[in-house]
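In my numbering, the protein residues as written are -3 to 108.
Relax, there's no trap hidden among the hints.
Derived lysine-lysine pairs resembling DSS-like cross-links, with alpha carbons at most 25 Å apart:
id: 1; residue 1: 97; residue 2: 87
id: 2; residue 1: 45; residue 2: 59
id: 3; residue 1: 97; residue 2: 59
id: 4; residue 1: 87; residue 2: 59
Derived by calculation from the structure, the hints in this document are not laboratory data.
Note that the structure is a prediction, hence the values are computed from the model and not measured.
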Amino acid sequence: MDFLVLLVTQEQWQQFGLDTLSGLLGGLFTSLILWFLTSRFLARVKHTKNVDRKLQAQRNQRKKTLSLKNPHYAKIHFIKSQLGNDIIDEKLFNQAQELDKFCRGENSKWME
-3 MDFLVLLVTQ EQWQQFGLDT LSGLLGGLFT SLILWFLTSR FLARVKHTKN
47 VDRKLQAQRN QRKKTLSLKN PHYAKIHFIK SQLGNDIIDE KLFNQAQELD
97 KFCRGENSKW ME
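Can you build the whole structure from these sequences, using the hints too?
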């Protein structure tokens, strides 16, 4: 059996140790920076999603409140969503309300 014997001087061994140590520390430092930046980015994305979810819940609550206060709102909102917002304007909305009052026998300007 042949053995390979490497003769390494103490200076070469110390240089190898320093190179290895600096490589390990540099890799660790780089990993920590990347971890920190990634965690901040993910926290910001999560925060944005939560804010969007809260705003959507507020919008839904507002729509529900409007539809409870004004039963015509739900009907008109459905028509607007089907036909587009530009087709039904405020004047047509008011005419629809007056017509509904007239059909239910309530006091309406059409009953005069």
